[in-house]
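S.K.: Now for the letters of each chain:
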Amino acid sequence: MPAQKHIRNFAIIAHIDHGKSTLADRLIEACGGLSKREMKAQVLDSMDIERERGITIKAQTVRLDYQAKDGESYALNLIDTPGHVDFSYEVNRSLAACEGSLLVVDASQGVEAQTLANVYQALENNHEIITVLNKIDLPAAEPQRVRRQIEDVIGLDAADAIEVSAKTGQGIDRILEALVERLPAPAGKTEAPLRALLVDSWYDAYLGIVILVRVVDGYLKKGMKISMMAAGTQHLVEQVGVFRPKPQTVGQLGPGEVGFFTAAIKEVAQTRVGDTVTEAKRPTAEALPGFKPAQAVVFCGLFPVDADDYNHLRESLQRLRLNDASFTYQAETSAALGVGFRCGFLGMLHLEIIRERLQREFDLDLITTAPSVIYQIEMTNGQTIELHNPADMPEAVKIVQISEPWIDATILVPDEYLGAILKLCQDRRGRQQQLTYAGRRAMLVYHLPLNEVVYDFYDRLKSVSSGYASFDYTHHGYEPGDLVKLKILVNGEPVDALSMLVHRQHAASRGRVLCKRLKDLIPRMLFKIPIQAAIGGKIIARETIAALRKDVTAKCYGGDVTRKRKLLEKQKAGKKRMRTFGKVEIPNDAFVAALKMGED
Amino acid sequence: MSRPVSRPVNNVGSHRKVKPSPIAVYVHWPFCESKCPYCDFNIHVREAVDADAFTAAYLKELDHFAELVSGATCTSIFFGGGTPSLMPASAVAAIIERILKRWPAADLPEITLEANPTSVEASRFRDYRQAGVNRLSVGVQSLRDESLKMLGRGHDAAEARRAMHLALEIFARVNFDLIYARPGQTTTEWQGELEEVLGYGAGHLSLYQLTIERGTAFYAAQKRGELVVPDEDTALALYDLTQNVTTRAGLPAYEISNHARAGEECRHNLNYWNGGAYIGIGPGAHGRFGGFGAAPWLASSLPRSPERWLKAVDKADWGVGDLIRLSSRQRALEILMMGLRLASGIDKARFAAAAGVPVEEILSAAATARAAESQLLENHQDRIVVTPKGRRVLDRLLVEIVA
Ligand SMILES: Nc1nc2c(ncn2[C@@H]2O[C@H](COP(=O)(O)OP(=O)(O)OP(=O)(O)O)[C@@H](O)[C@H]2O)c(=O)[nH]1
Ligand SMILES: C[S@@+](CC[C@H](N)C(=O)[O-])C[C@H]1O[C@@H](n2cnc3c(N)ncnc32)[C@H](O)[C@@H]1O
Ligand code: SF4
Ligand SMILES: [Mg+2]
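Residue numbers (my numbering), protein chains in the order written: chain A, 1 to 600; chain B, 1001 to 1403.
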């Protein structure tokens, strides 16, 4: 067990794709954490989805043994964090477990929105920050310009920023030395009762429920009876260990160390991230401040394509939540889609990832309904209710006022795209707060309603800026808005799964776009199908899908029978998998695809 | 799924006195002089074909199937392709003779052969008639030179006309195949061409809307945007015009694409649409037989490659393809989708006899009622008929009404 003066805990933070995970690879390699055979690119991104998408979703911890130039040997504890804004809560709790951060900035890209957001979080956690200019091997790297930018935009001294290439390994040794020299060692009390921060917990097929902790004071030992202060539960510690990056058991974790323990705990949901772990028989007097749990901000319905899969979906959600408590779910009934679940997510990427994992790991076919935010509705009876699902909206006469969540968005974008970005924000009801320049890059702060951002704002932002704009946001609070429920009727019948709340001024254009989209998505039938958008009883947009006029095979003889029959069977099976609304079949992906306001 | 055939499926003749079941025989000749860009049939272009070897193989395979399906009586024979008019007449004669020996017919069966208009000679047609062919189907495709060129045909309009005259002169029963709804075709143009064809006085016409099949040269050209077929409205107008013109001329459609004077319908093809049994021999040929007593219906299909097929027959007496048992639902589906192509529709009693289940069993009652309400079909006591309006959208209608 290392003494505290030989421990350094740090998080690697950066904008998405600036090379955090690749840098972690080099650090692991340099310290001999894995053999050559075990090494692969972004080795810490272990989930299939992470590897496929090339992004980090879950923060990962690794203990490195480093022989420093001063002749001493150090235990470096690295936490690789995700860059995407949806997972900023992962960054937040990782920071709470460390004394310092490695701020990685892509030297060919410069400071981006999440660079800023993450630096501010690190500073709030009183972190010592070591700045690293990565991708120095790229011809497009401009370290001098980026240094200036770091000073101008962030206000950090970039004089001793380290130039490295996580690809070639150049500069890695200098990072390791800087960690030892520049980061403070932890300063926990060895004699005090155990006080440890519950950083994360997840389900592991071999270990069961694993709890990641940062020990602040005292010791965590195998066989110890611990108590979780906020949860009020007690458990017997079964194993104590560290990740290097493979789990390795140790006798105990002392002050300043980051590691894991297991105990007979059944569900991840029973453990509260941010809770304080202490010894049951000698508890600490003062709990750690902890941090706010991640809050779901985007909600959508998930329904099984095959209604018989409802139980399977419920069990799958339970199982997935065992391993990842970052989403919420609650049974929901839709007139159109039957029984399913209303699920809450941290953002659209998070939604996509959870949905994909359900489909993939649990072999489910799902219908996803329009994502929505939480509205607050003030009722005439004096109550205020939270609306998670537009389908549940009370009658207009019972509503005094509807409030919606707003965010503060920070957008960094090269000059030449500023016009397009301003227009986009304006179209989404944004209110400009700030516009400053750092060289040829504009930094915009906008006040925006979350419901305008939730669905495709990020995609649009990327597309109007050719990928150069970056975006981050923080929640701002609720504001009353002139919001109405937009209903969609297919063949005269309302489809609740397609209804949404929109601002009154946008209702007509949104309705038109939606009707047009659906017209392209719904296959033609033997009769014509009217598609209408309505507010209350008033139709505000309409399209008609013409009846199918000709669809018949010209040649069908003895040799064609098998093929034709198989086609018929396939079409029939496909039809069974579509939901019928007022005699019309709506393909499952139409529910989400219809809402991509995209290129209109 | 391929397994050797050991047990005959229709060996009832010697035990019980039953009316011998009728069977149709299809013979596939897989060779053509060149491949037409729209065609997705199992056809192959070869420098030379060993006609004797193939003939011997057809005879062998016939014997094999005759053992499997014995006690039946042949009601029709069809030489299709490919281009069967490339077969030596002697081969055609030997095959007909063998079929009639294995499945003796009380009345002379209908025997059709498909002929391409490319360099036909009167003597050749006469030889086929001599061999027993009593119905000729000529692949005219068009009477317009530009269209024939566009369709990649090896003949021009003059050659087509000569073949038509000759066919009518030599055979009592003649069919002409035409392809319409061609790129850029107008209703006026098609009417002129169709009326000219009708003027020849053949008793039967197969009029096909050009279909762009996957894997053909036309499919690729369409993908590249180099081939544009008429849009839905034009195709529909051409189809409707075809119905009107042929009806007026006394050859109304008795099936989606087939028109005949009363009594001139193709018996062989009617057997397919009515769910009858048939044997298919030759590369890529399909068959449907069985259903005698409790025996299941089988679907046979043979290897598509002529060389592979030939080799297999040499070794195993048949092409060693697939013999698959059809479930009762599969069988019923096939009879339904084939039967509803006919203007006369499905005779419910005949359906029940052929499929082993009443037709109502595979129909959604609600969807069928809805379709009837929309005048897409008529559900009578004894038969189900798709209306002319319904026939235009038959493929989709089937998806709707099947339970
Ligand atoms: N040329 C070059 N490419 C690099 C370097 N470091 C990382 N990359 C590449 O940059 C891309 C992103 O690297 P990651 O390590 O996945 O970035 P990340 O910051 O962990 O990304 P997220 O976890 O999704 O936020 C990958 O294609 C890497 O191969 C470098 O020093 N030079
Ligand atoms: C099996 S072909 C054989 C006829 C003969 N080999 C010939 O081409 O003259 C039967 C008929 O199917 C029709 N046909 C083939 N491919 C077609 C397609 N893609 N679309 C419409 N009709 C087609 C043609 O009219 C052709 O005459
Ligand atoms: S259309 Fe006839 S000639 Fe042309 S390739 Fe097909 S079978 Fe052969
Ligand atoms: Mg990463």
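In case anyone wonders, no lab produced these hints; they're calculated from the structure.
It is possible that part of the hints are untrue.
[What the hints assert, rightly or not] Think about it this way: if two alpha-carbon atoms lie no more than 25 angstroms apart in a straight line, the pair counts; the simulated DSS-like pairs of lysine-lysine are:
#1 A:K555 - B:K1149
#2 A:K566 - B:K1348
#3 B:K1149 - A:K564
#4 A:K572 - B:K1389
#5 A:K528 - A:K572
[Said to hold, decoys possible] Derived coverage of chain B by chain A (criterion: at least 3 residues anywhere in the stretch with Cβ under 8 angstroms from a Cβ of chain A; other residues may be distant):
#6 1065-1077
#7 1269-1280
#8 1336-1348
Note that beta-carbon positions come from the ideal geometry of N, C-alpha and C, so glycine has one too.
S.K.: Next step is simple, just say for each hint if it's right about the structure.
M.R.: Comparing the hints with the structure gives:
1. Of the supplied pair hints, the one linking K555 (chain A) and K1149 (chain B) holds, its CA atoms being roughly 22 angstroms apart against a limit of 25 angstroms.
2. Distance restraint check for K566 (chain A) and K1348 (chain B): the Cα-Cα separation of roughly 23 angstroms lies within the 25 angstroms cut-off, and the hinted pair is therefore satisfied.
3. Our distance criterion of 25 angstroms between C-alpha atoms is broken by K1149 (chain B) and K564 (chain A), whose separation comes to about 30 angstroms.
4. Under the criterion of a C-alpha separation no larger than 25 angstroms, the hint pairing K572 (chain A) with K1389 (chain B) is consistent with the structure, at around 22 angstroms.
5. Our distance criterion of 25 angstroms between C-alpha atoms is met by K528 (chain A) and K572 (chain A), whose separation comes to about 21 angstroms.
6. Only residues whose C-beta sits within less than 8 angstroms of a C-beta in chain A count toward coverage, and the segment 1065-1077 of chain B has 0 of them, not enough to reach three; the restraint is violated.
7. With 4 residues having a beta carbon nearer than 8 angstroms to a beta carbon of chain A, the segment 1269-1280 of chain B meets the requirement of three or more and the stated coverage holds.
8. With 3 residues having a beta carbon nearer than 8 angstroms to a beta carbon of chain A, the segment 1336-1348 of chain B meets the requirement of three or more and the stated coverage holds.
Of the numbered hints stated above, those contradicted by the structure are hints 3, 6, listed in ascending order.
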